[in-house]
Every structure is written in structure tokens, then in C-alpha cells.
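Asker: Here's the letter readout for the chains.
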Amino acid sequence: MHIVVCLKQVLDPELPPRYFKIDPETNRPDDGVADMVMDSYAENALETAIQLRDKIGGATVTALCLGDEDSEDVLRRALSFTADRAVRVWEDEWENLDGQAVGHILARTIQSFGGADLVLTGYQASDIEEGLVGPVLAEELGIPCVTLASELAVEGSILKATCEAENGYQVIDVPSPAVFTIVSSEKNVPRLPKVKDIRLSRSKPIEELEADDLEIDAERCQPAVALRKVYVPDREVACEFLVGEDGPELASGLAGKLMELKVL
Amino acid sequence: MANVLIYANQQGGNLSSNAREALAFGSSLARSANGETAAVLIGPGAGTAAKEAIAFGAEKAYTIDSPLLAQYQVELYLDAISEAFEKSQSTILVLPFDRKGKDLIGRLATRSSASALTEVIDFKVEEGTVHYVRPIYGDKAYGEYTINRKKAVIGIRPKSHEPASRDENRTGDIIPLKIDLSEEVIVSTLAEKIESALSGVRLEDARIIVSGGRGLGGPEGFDELEALANVLGGAVGASRAACDAGWVPTSFQVGQTGAVVAPDLYIAVGISGASQHLSGITNAKTVVAINHDSEAPIFKRANLGVVADYMSVIPALTKALKKRMGVNTG
Ligand SMILES: Cc1cc2nc3c(=O)[nH]c(=O)nc-3n(C[C@H](O)[C@H](O)[C@H](O)COP(=O)(O)OP(=O)(O)OC[C@H]3O[C@@H](n4cnc5c(N)ncnc54)[C@H](O)[C@@H]3O)c2cc1C
Ligand SMILES: Nc1ncnc2c1ncn2[C@@H]1O[C@H](COP(=O)(O)O)[C@@H](O)[C@H]1O
Chain A
1 MHIVVCLKQV
11 LDPELPPRYF
21 KIDPETNRPD
31 DGVADMVMDS
41 YAENALETAI
51 QLRDKIGGAT
61 VTALCLGDED
71 SEDVLRRALS
81 FTADRAVRVW
91 EDEWENLDGQ
101 AVGHILARTI
111 QSFGGADLVL
121 TGYQASDIEE
131 GLVGPVLAEE
141 LGIPCVTLAS
151 ELAVEGSILK
161 ATCEAENGYQ
171 VIDVPSPAVF
181 TIVSSEKNVP
191 RLPKVKDIRL
201 SRSKPIEELE
211 ADDLEIDAER
221 CQPAVALRKV
231 YVPDREVACE
241 FLVGEDGPEL
251 ASGLAGKLME
261 LKVL
Chain B
1 MANVLIYANQ
11 QGGNLSSNAR
21 EALAFGSSLA
31 RSANGETAAV
41 LIGPGAGTAA
51 KEAIAFGAEK
61 AYTIDSPLLA
71 QYQVELYLDA
81 ISEAFEKSQS
91 TILVLPFDRK
101 GKDLIGRLAT
111 RSSASALTEV
121 IDFKVEEGTV
131 HYVRPIYGDK
141 AYGEYTINRK
151 KAVIGIRPKS
161 HEPASRDENR
171 TGDIIPLKID
181 LSEEVIVSTL
191 AEKIESALSG
201 VRLEDARIIV
211 SGGRGLGGPE
221 GFDELEALAN
231 VLGGAVGASR
241 AACDAGWVPT
251 SFQVGQTGAV
261 VAPDLYIAVG
271 ISGASQHLSG
281 ITNAKTVVAI
291 NHDSEAPIFK
301 RANLGVVADY
311 MSVIPALTKA
321 LKKRMGVNTG
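Taken in order, these protein sequences are the chains called A and B.
Per my numbering, the first sequence runs over residues 1 to 264.
Per my numbering, the second sequence runs over residues 1 to 330.
Accuracy of the hints is not assured; some may be wrong.
Stated by the list, open to error - Once the Cα atoms are required to be at most 27 angstroms apart in a straight line, the calculated DSSO-like pairs of lysine-lysine come out as: (1) B:K151 - A:K229; (2) A:K21 - B:K300; (3) B:K319 - A:K257; (4) B:K151 - A:K262; (5) B:K150 - A:K229; (6) A:K187 - B:K100; (7) B:K285 - A:K257; (8) B:K100 - A:K160; (9) B:K87 - B:K51.
I should point out that these hints are in silico values taken from the structure, not numbers from a laboratory.
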């Protein structure tokens, strides 16, 4: 069983708002103070892929990233999670790709591997947050897509996904091959890689592919949307701090305020 | 000129509130593009829902009433909606970016060679071009987008619009569409459905919410919040950190990827106030924060702040409110 997991490098989503600034020239965040990290749901997808592989004899995990040289870091991290193979696709002219173009290129890349039995992506990247790559990939590959999966299991030729539903959970069965978009859950909390695996990951190869290696449709590779302007909205509220010597005094003050508000 | 088609989710002839929001957004988009507003309703009850869609602002409505569409099934819904998009000759398809929208939007756009945008909260017209507004970077920023393709599929973030209002006097054509749907396209099947065993009020509908985060230190802290919520007649919510730790089920999660709520009172306990969390409480009226770190970003969103260890405050607050509310109600 060949599992491909798609990983994106993003600006650290946990960056506190006070450090978050937009460079009006580029319409991008100032990355002076922020780290670039692996997209958070993609990391949950990676953890899911590794756990699944370890349960299935002979299964392998390929980590796939579309990104420039800097994004090699996320592939190193995937190798330290014990992914079997790491592939990076990039072409310098791919500057402003959107989720649809990324979905197309990733689909062609997966086809160049001879396909995959399972393709995992995060549900939504933590920077531009489109939530498109997984469903677009599925459509491009002509295979089913299950979104918002928090758990995956394989039963014979059937893939079973536990997914968020409108009011609770549902289990969806699909045949392989299929695409799954992954959300975080207590089952897929990313591991802390072992020191030994981190060391090993440094010497493992990262394969590189370019447009010429793939049968890309020039049209579908054009971004379908253009980001014209980015700004930080001002949403600050004036906070009234309660004063008090100790917990009970603060609590009593707060209770009084809440009663005044007449919402109770 | 751009004609807009709205996929309005319905059940038994009733439109969902997400559908009414999409109708409000879609008809104002069509008006500013000098186009026509149409809705598509699918499944049993589509005819009744079509009348509703017209009362809520559509100028005409397409119906696809097949028993195959009685339950949501992604492959059949994709076929039905993309055919309707094609046959209606609209250039913009609007649907809510809700649970179903998350399955459908990217795939519908790929099938129709259309541009796709999700999480859209607003639009404006500048020099004849529509700019769509959506939050990005975990709600820390807003981005304005234009589309590069002839057609577009636009996903509206739930709770970002006032639902359209109803006007009985509106009229419009109802056009049944004949579409060949085949069970053969079905590949994904629902094996099991687990309704969450939430007692009391649904988060989305609660007027008062008490939410806990990593600062509670463990599942026991939620017992204290539960007790407070009981006195207040509210619901309990949580940050993603608390859900991911397994202290409470994921259905408690408030935020960008959890419930979007708009209560009169939101009490955040041991929650730092990450932008992704605040994204879920944009429309909360009064926000109270209890956190022992006075620098926590939650205080920039809170109307009332208490800087203290929550354990020293919450039980005392529950007690104080019990007493006062007892006195009040007499
Ligand atoms: C793509 C993406 C989507 C996300 N979606 C969501 C979402 O939908 N909802 C969400 O909530 N998060 C979401 N997050 C996560 C978010 O970025 C934060 O990591 C998360 O909200 C932090 O949770 P927290 O505030 O409980 O924990 P922390 O940030 O760790 O904060 C804990 C707080 O508790 C305080 N504290 C500690 N002990 C005490 C005590 N004894 N008494 C009082 N205060 C105490 C601390 O001072 C601190 O401020 C998302 C992240 C990503 C990347
Ligand atoms: N450049 C990329 N390279 C590899 N995977 C990606 C890339 N962009 C997005 N993805 C995957 O698609 C998921 C959803 O991204 P998006 O549709 O952009 O919100 C991410 O969590 C990743 O798993």
C-alpha cells in the first residue's frame, strides 16, 4: 500500500498577533520574526499516514511538498517522522499558485509515481486557508474524496474514515484509491521524533522534480484567483479589568458586573 | 453581467439558515453585477423549498427532485449541482462553506473549470470588478481576491451574513430540471452515524457560553465550568488545545475550525486568545476573560478581564451567582 501525504510549509500560525505584519509591497506577511513550519493539519495527516503504515505490512509513506528550497525543512521533518521517501516539486515561475493550481500539479506528480492507494492532505492550510487542495486533487485524479477525517482504518480493500459530521461523527467507507483531508484529533497528535530518527533524516535523499518531469496542463497551472490586497483589521476592544485582593473578591466583583449586564 | 446560481440546502421543503445566508449574499452579488439570481433546490421537498427560495430573494428556482437525493451523498450531489450550474447558464455559483460545502466546492470548481474561493465573508465592486473578501492567516488578516476564470464557485463562511428576509409577495418561475442521475457514481457510503450525546443547549444556539482552554490543566477543570454553565443556563465550549488533549470532545471546539458562535455572553477561561479561537467569537456581544497572564491576547478582545488563577475564581463565581440569581428571582 502506497500512502502519499502532501505537506505545505507555512508561516507559524501560532505567531502572536502583535508580531503579525503585512508587507504592503508584496501583500505577504513580514517573515522577519516568524518561523516557517509544517502546516498544522498536514502534520496531523503525516502522523495519520505513519501510524497507518506501521499497522499494514509492506506499506510505504511518501512525503510530497510543492515548494521552493526553503520548504525542504518540512520534508526533513517528515523523514524524522520516519516517512520512507521525500519528494519536492518546484519551478521558479510558480510564484502565486493557488489551491487549484497546487491541486493540479500535485495530482500530476502523484500520477508520475504511478498513482497512490491513499492520498492524505490537511483539511485546510493554516496560512491561506482555502480547504481546496484535497478535493481538487481527488477530482483531478478521478478518485473519491472524504473530507474532515480524524481517523483512518483499512479493512481489506475498504478504507474507513471517521469524520466530523453536522452533529457528531460519521464513518464513511470508500474503496482505494482515495483522497482524505485530515483534521486534528487526539488520535493524530504529531509525535516527538526520536533523536536517532532526526539524525537519520539529515542524510536521507530528497528527490526533486520540475515541471518538465510532469505532464502538466499549462492552463490548469495558472492561478484561478488573484490576491489583490491584504490588511490587518483593527478589532481591539477596551478591556475593563476587575480589581480585588483575592479570588473570592474578584469573583464577587465579576458576578456584580454580570448581573448589571442583564444578560443573565 | 453575471448571473448567480445559489445552491440552497433544504430539508423537507425548509431552507437551512446557511442557505438563507447564501441567498442574501448571492442576490446582493447578482444585483451589483446586473445579473439574475437563481436558486437550485435538490431532493424531496425541492418544489416547496423553491417557493421559499423565491420568497427569500431568488428570481427563479431550479428543482431537481429525485429520490436518490433524499440523503446527502457526495458523488450524486456533485453531479446534480454541477449539471444545474451548467444548465442555468450562470457564471457564479454560491454555496455555504459548511460541512457539505467543504466536500463540494473544490470539486465543483474543477469540474466546471471555474475559480474557487472559500470562507468568503464579503464582496465589493471596484471599477466594475468584484473583489471577494476572506479572512486569512488564522483570521489575523483579510485578503481581497479577484477571479481569473470566466466562472466562479464561491463558498460563504457560515454566520458571516444576516440571513435573507422573507417576502411572501415575491414571484418567480420554478423550473424542474431533468437530470440523469445514476447510483453507479456512488463510491463513498455512510457506514455509521454517531450523533454527539450533547446534553443541554447546542453551542451554536447558546446565549451564554463558558469555554475552557489549556489553562484548565486537565479534564477536571471542565467540571468547574460545567457547574458555572449550569447556574447560568449556558453551554460549555473549549479551545482546540483542550479538545486535542482529549479533555472534552471535538464537538466542544469554538473557533475557525470549530463552532462559530454569537452568544450574548462568552466567558473564556484559561484560553490565551489565539486568532483562530477568536475567529469563532467575532460576533459575541460581551466577552469575559479569566487568565492569570495579564499579557494574554484574549484581553484585547475581552470587555471584562480578570487576571487570576481560574481555580481561585470560578468556584467562587459559581457560588456568588447562585446566591445573587437566587435573590433576584425571588
Ligand atoms: C489551522 C489552525 C486552526 C485552528 N483552529 C482553532 C480553533 O478552531 N479553535 C481554537 O481554539 N484554536 C484553534 N487553533 C489553535 C490556536 O492557534 C491555539 O493553539 C489554541 O487556541 C490555544 O488554545 P488555548 O488558548 O487553550 O491554549 P494556550 O494558548 O496554551 O493558552 C492557555 C492559557 O491559559 C492560561 N492559564 C494557564 N494556567 C492558568 C490558570 N491556572 N488560570 C488561568 N489561566 C491560566 C495561560 O496564561 C494561557 O494564556 C488552530 C490552529 C491552527 C494552526
Ligand atoms: N504547496 C503544497 N505542497 C504540498 N501540499 C500542499 C500544498 N499546499 C497545500 N497542500 C496540502 O493541502 C492541504 C490543504 O491546503 P489548502 O487547500 O491550501 O487549504 C494542506 O494541509 C496540505 O496538506
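Asker: Could you work out which earlier hints the structure fails to respect and list their numbers in ascending sequence?
Answerer: 4
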